[in-house]
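S.K.: Sequence:
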Amino acid sequence: MKKSHVGILAAGFIVCFASLLLWGTSNITPVQGAEVKTGVGLAEHALKAYRQGWKYEYGCYGQFVNGVRRTDCSGLIKSYLWWTGDKTNPRPGLVSVAGGAGGMLASATARGNINLSKASSIPRIQGLCLYSPGHAGVYIGSNISVDNRCTGQNVKYQQVIGGRYHWTTWFELPQIRYPQKGFVTFDGNQYYYENGQYVVSTQRTFNGTVYTFDASGKLVSGDATSLLKSVSMAVEYQTRVLQKGMSGNDVLALQRKLTSLGYMTSDNCTGYFGSITKAALISYQRRTGLSQTGIADSNVMKTLNLKAV
1 MKKSHVGILA AGFIVCFASL LLWGTSNITP VQGAEVKTGV GLAEHALKAY RQGWKYEYGC
61 YGQFVNGVRR TDCSGLIKSY LWWTGDKTNP RPGLVSVAGG AGGMLASATA RGNINLSKAS
121 SIPRIQGLCL YSPGHAGVYI GSNISVDNRC TGQNVKYQQV IGGRYHWTTW FELPQIRYPQ
181 KGFVTFDGNQ YYYENGQYVV STQRTFNGTV YTFDASGKLV SGDATSLLKS VSMAVEYQTR
241 VLQKGMSGND VLALQRKLTS LGYMTSDNCT GYFGSITKAA LISYQRRTGL SQTGIADSNV
301 MKTLNLKAV
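Reading the sequence shown from the start, the letters are residues 1 to 309 in my numbering.
I should point out that these hints are in silico values taken from the structure, not numbers from a laboratory. Glycine included, each C-beta is placed from N, C-alpha and C at the ideal position. Hints are supplied without guarantee of correctness; some may be wrong.
[Said to hold, decoys possible] Here are the computed lysine to any residue pairs in the SDA-like style, where the Cα-Cα straight-line distance is at most 25 angstroms:
{"id": "1", "residue 1": "K48", "residue 2": "G59"}
{"id": "2", "residue 1": "K48", "residue 2": "V235"}
{"id": "3", "residue 1": "K278", "residue 2": "G245"}
{"id": "4", "residue 1": "K48", "residue 2": "R91"}
[What the hints assert, rightly or not] Listed next, with one range per pair, are the computed distances between beta-carbon atoms:
{"id": "5", "residue 1": "Q292", "residue 2": "G67", "range": "45 to 53 angstroms"}
{"id": "6", "residue 1": "N113", "residue 2": "Q292", "range": "26 to 34 angstroms"}
{"id": "7", "residue 1": "G152", "residue 2": "F206", "range": "46 to 54 angstroms"}
Can you build the whole structure from these sequences, using the hints too?
M.R.: Below, the structure written as structure tokens:
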């Protein structure tokens, strides 16, 4: 390896390590009411990383190194969850997330095996996470994955079924909210979700107008923008799975509900899911006969009569 290459790699490791060190020594409070992170948003983010030529660097999560953003495989996903802007470095702690590919898979709220000879084994959901032992990527739909592969290969855009890389599992992260119903825009095209997946090779009629979707799910006939302006058709998202480290209005609603039931006090209703909220939730789960996970999944939210925010 040339000395110049060694120098570049060393600089990259120093920047990544310094960023982690600063995070570990600073008392940064996660932002309350942070932007909702969606599957479509993650897919757009991964596609941006590919088009901008981000590089691979172990331990990095989107920091600029020598003017180029760098991540490892799971760091590509983290860079979306921790995003602070096009000109700044991502900020760890904005959202709590497992460290590596295996940890992310272990935290999944839904998962399934990928049959490399059967396209239907992957749900039609933009922003699913993909897994193979020791590696993670992002499914952007239409049988395409984006992942930051390794040193020298960097961000790849390839087919899942029929591609050279063998993904074994798809999964949903609890920090991501996926569409259940309604129109979404991805990469400048419009898609329509029903029952949690975008429709393909079909037509739908809304407000007297026929809308046609091709085999990839893209809207090819009908103007969804005009439809959304004339009819209230806001996209519906699944209830977010809440756990320690997360923040938002749905966390605040959970805390207020637990407070009203006597499991915590109003001064701890901050919108941030910390150890106090987790302990209160476990107490509620214990009293009501639910699994004592300290995680508010859709079943827990239903028993509390709470809906997605």
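S.K.: Which of the numbered hints above does this structure break?
M.R.: none
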